[in-house]
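Just so you know, the sequences run in chain order A and B.
Just so it is clear: in the first sequence, position 94 is 97 by my numbering, and no numbers are missing.
Just so it is clear: in the second sequence, position 355 is 380 by my numbering, and no numbers are missing.
The set of hints was computed from the structure by calculation and includes no laboratory data.
Just to be clear, a hint being listed does not mean it is correct.
To be verified - 30 Å max Cα-Cα, derived DSSO-like pairs, lysine-lysine:
{"no.": "1", "chain 1": "A", "residue 1": "K329", "chain 2": "B", "residue 2": "K237"}
{"no.": "2", "chain 1": "B", "residue 1": "K288", "chain 2": "A", "residue 2": "K361"}
{"no.": "3", "chain 1": "B", "residue 1": "K94", "chain 2": "A", "residue 2": "K361"}
{"no.": "4", "chain 1": "B", "residue 1": "K288", "chain 2": "A", "residue 2": "K352"}
{"no.": "5", "chain 1": "B", "residue 1": "K94", "chain 2": "B", "residue 2": "K200"}
{"no.": "6", "chain 1": "B", "residue 1": "K414", "chain 2": "B", "residue 2": "K491"}
{"no.": "7", "chain 1": "B", "residue 1": "K78", "chain 2": "A", "residue 2": "K361"}
{"no.": "8", "chain 1": "A", "residue 1": "K242", "chain 2": "A", "residue 2": "K453"}
{"no.": "9", "chain 1": "B", "residue 1": "K419", "chain 2": "B", "residue 2": "K356"}
{"no.": "10", "chain 1": "B", "residue 1": "K79", "chain 2": "B", "residue 2": "K356"}
{"no.": "11", "chain 1": "A", "residue 1": "K237", "chain 2": "A", "residue 2": "K258"}
{"no.": "12", "chain 1": "B", "residue 1": "K200", "chain 2": "B", "residue 2": "K365"}
{"no.": "13", "chain 1": "A", "residue 1": "K352", "chain 2": "B", "residue 2": "K94"}
{"no.": "14", "chain 1": "B", "residue 1": "K237", "chain 2": "A", "residue 2": "K352"}
{"no.": "15", "chain 1": "A", "residue 1": "K341", "chain 2": "B", "residue 2": "K288"}
{"no.": "16", "chain 1": "A", "residue 1": "K329", "chain 2": "B", "residue 2": "K288"}
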Amino acid sequence: MTYMTKSVEELHELLIKGETSPQELLDEAWRNSREIQERYNAFVTVTDKAEETEVTDHVLSGIPYGAEDLYSTKGVLTTGGFQALCDYIPFFSAGPADRLAETGAVLAGKTAVGESAAVRNPWDPERSAAGSACAVAAGAFPFALAVDTGDSIRRPAAYCGIVGYKPTYGMISRHGVIAGVSSMDHCGVFARSTADAAIVADAMKGLDIDDMTTWDSSDVHLRAALQGDFAGKKLCYVKELCDIRNYPDADETLKAHLANFMEKVVMLRAHGAQVDEVSVDRALLEAVSSIYLVISCAESTSNLTGINGLVFGPRGEGRSWAEQIKNHRTRGLDTSVKRKVIVGAYVLKDENQERYFKNAQRGRRLIVDAWKELFRAYDAVIQPAGTGATDAAVLEDAMLIGSFGGFPSITIPDGFVDGLPAALNITGNCYEDEKILDIAYGIESMMDYKGQIAKEVRK
Amino acid sequence: MKYKAVIGLEMHCELKSDSKVFSRSRNGYSKLANSNVCPFDLGFPGTMPSLNKKSVREAVMMALVLNCKLPEYMLFDRKHYFYPDLPSGIQLTQNTMPVGVDGAIEIECGGSRKMVYIHDIHLEDDAASMDHFDDTSVIDYNRSAAPLLELVTQPCLYSAEEAVAFLEHMRSAYKYCGTSEADTAKGQIRCDVNVSIMDEDATEFGTRVEIKNVNSFSNVYDAIKYEVKRQSELKAAGRYDEVVQETRRYDDVSGTTQRMRSKEDAVDYRYFPEPNIPRYRLTPEWVESIRREIPRLALERKDMYTGTYGLSEYDAAILVREKEISDYFEKCITLGMDPKEACNWITVNIIAYMNKNELTIDELFLRPEHLYFITDNVKKGTISSKQAKEIFFKVLAEKKEPSAFISKENAQISNEGELGEIIDGILAANPSEVEKYRGGKEKLFEFFVGQVMRQTRGKANPVLTKELLHRKLDQ
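With the rest of the complex left out, here is chain A (with noise of 0.2 Å):
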């Protein structure tokens, strides 16, 4: 019998029942985690110990999960991706990590950081993926967390096939995890549903006092909202991304995904939603990508200060403090986010920041007010996740609009491409996490990807 393929609903009534016990489950995830580290090289840490928990009415308790080394795990080696943190085990968890404890949900190891090209698409390993992605996707166990910065929740679910969800800004506390890009960071999740992502959002959420940007959420129930009852929301697309006459170069797999999302247009308004084609000044979109590499290298850069070597970390080498300092940052951060710290110093340097800092953020808000238009008259934007287009720079990238925005977002499967996976992206206004995965919840059930395992169609 295997367990980790299916949902957490599901697992939590074999677990009333007496059917499985939180060991059997965690001993699978755990097996099933050191075979996906091996073939797809997902994970940092597959835990080999864990507190034995009790079955209680929570839904979560005895379920077996991951969390990206971003997370502070207390007693746990906690990288975030860099070799300064190498040895890094802190002595308390991140927030939302504690809340999961308190359900008697149970960690099972700690995925690899990031989109990267490390770890390998369990579709086919020529594809980009997510460590928690790939481990959720492979069916290592029904959820991981992860933090979205950019879109690296919502693009490798669409990748690996499965529903990735990033709630509103300030939802879920990001106490103790390891800062990116702080204004855009949002803890969220993977997982093989709606339902499931609704599930862990609700035991994450809730003011933090360690968190100031987090909200009191107390009178937001997302599962208990998943009612998928579609009829009268109004959904829309931009034409600028959805309609290939804006790419005259498209390649087949760019056509098949827009023609994919044009039957998911057609399939909604069968089903009662209003769905219309919106249009956006074409030079924002265009400004998107920039503005996201300024920001997010300023935010970046700053909030690296703190990798000096000094608290944390074999400190380097050196006769004094600057040079240990120096030789610790050489040595612990890699080339891609020494480009970034670069970069970062550059954009906020004094003479700088007028030109490219401080105007990234007056585009921000630009692109941030042009989408709450269009929750004015819409409940959610959607658009195609993940086409991995190269020739279609505005489409991939508009799902950082969302980060921008602090944003609700999810992506879910819907459909295939070349027998790869194939994704739609819902984001709504700030607060109507409730709305948007209702709507998610509805488009989910009119398919048939709930809870789907990657296959590997390509070797």
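Could you slot chain B onto chain A? The hints should help.
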């Protein structure tokens, strides 16, 4: 001197609060290194600041004291630099929108008044403290993330005396407002001093030199004196180009300033707004409620003491030196004591007793009510001034109510009828002395006084005794 000195000050003052400005660990001086720390203070990955409302309140209060313009909301900026005292590499400060800008405050210097203009005042967090030894340095993070208020004056001070007068004024303001202990010995006040010189009739400032981390007011004084002299000598010698815009440090052993770094080596702090602290709105209602809590400050009180109460400059200055003493004095007045009398008791007796016993005025058992009770009894004639003083010290030493020392037995006889009867008896018993006195031997008056005192064992009110004796003998 033929040049005019122009001085601007940056004054950092540690604020009083239970927890730190951006973390939950205790804010307080501790001899035990690294005992008041939490993950944020040590820059643990993933930790974020939690803004302390009390620190904001104190910052707003001081901005109001300095008559600054306040922003609509509190905004913090990250300031970046690498140094072992800053584990996260980020200091949180207010670069774009300080809690107060464009202020002005009147101070007293050398007997005259002067306006000092404030560029801004901003709330930030402190760094760890370090001790350096021959081959090693140690870091104490107790101070890390502690609240620090930095005020920056305009270049509007023209002598070391004015600079120190301003610092003294502000130290007093901090203490009066209860926002800081403002103790230089504990490193709670640290100053940076900007000094330049210019020709008396010049309109443009000279080259500015910054002297960093001057930690006592006397060092501020000496550093300015030295720096003005150094710059003036170079200018007089035609070598003013050797005065360059740079940062220097003051060495109190040699009494000189030395170059730390030049302008070219200045650090680019790469400021930008801290995303982890949402904008914190300062509502007009809250600001007003803080304004109402600002006590009257020393200079205002001193003006009242010399003006309304007619006290001397000297006495008034002693009374306002500490808010607690001034409050004590004012309480005495409210109870009905004569200001000069209250002033005398406090400046002569109370302060001497405090100093001798190393007590603060609030630690004394003797409250203003007690002092009023004692002096009121002197006024009523129940006790003599001499007795009052004895009772004053007994109350302090034995920690008992003054009424405990005024009993029937030691109470002064001030009743005219009672004393009259005693005197009548004495006069009747000494007819020949009465005869001689009335015959012109006036020296005998003291004999009668002595008889009254002997019979009453010293309790007769001396003034009344003399009055009655005169009345009865001279009729």
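Structure-based check of each hint:
Distance restraint check for K329 of chain A and K237 of chain B: the Cα-Cα separation of roughly 26 Å lies within the 30 Å cut-off, and the hinted pair is therefore satisfied. For the suggested pair K288 of chain B and K361 of chain A, the alpha carbons sit about 25 Å apart, so the restraint of at most 30 Å is met. Under the criterion of a C-alpha separation no larger than 30 Å, the hint pairing K94 of chain B with K361 of chain A is consistent with the structure, at around 25 Å. Of the pairs offered as hints, the one joining K288 of chain B and K352 of chain A holds, with about 16 Å between alpha carbons and a cut-off of 30 Å not exceeded.
Only pairs whose Cα atoms come within 30 Å are accepted, and K94 of chain B paired with K200 of chain B is accepted, the gap being roughly 22 Å. At roughly 22 Å between alpha-carbon atoms, K414 of chain B and K491 of chain B fall within 30 Å of each other, so this suggested pair holds. For a cut-off of 30 Å, the pair hint linking K78 of chain B to K361 of chain A stands: about 29 Å separates their Cα positions. The straight-line distance between the Cα atoms of K242 of chain A and K453 of chain A is roughly 28 Å, inside the 30 Å bound, and the hint therefore holds.
Only pairs whose Cα atoms come within 30 Å are accepted, and K419 of chain B paired with K356 of chain B is accepted, the gap being roughly 21 Å. Distance restraint check for K79 of chain B and K356 of chain B: the Cα-Cα separation of roughly 28 Å lies within the 30 Å cut-off, and the hinted pair is therefore satisfied. Restraint check for K237 of chain A and K258 of chain A: satisfied, since their Cα atoms lie roughly 25 Å apart, inside the 30 Å limit. A distance of roughly 25 Å separates the Cα atoms of K200 of chain B and K365 of chain B; the hinted pair therefore holds under the 30 Å criterion.
Taking the CA atoms of K352 of chain A and K94 of chain B, the gap is about 29 Å. The hint holds against a cut of 30 Å. For the proposed pair K237 of chain B and K352 of chain A, the alpha carbon gap of about 24 Å is at most 30 Å, so the pair holds. Note on K341 of chain A and K288 of chain B: the hinted pairing holds, with a Cα-Cα distance of about 27 Å set against a maximum of 30 Å. Proximity of K329 of chain A to K288 of chain B is assessed by CA-CA distance (about 23 Å); at most 30 Å being required, the pair is judged to hold.
When the structure is compared with the earlier hints, no violation turns up for any of them.
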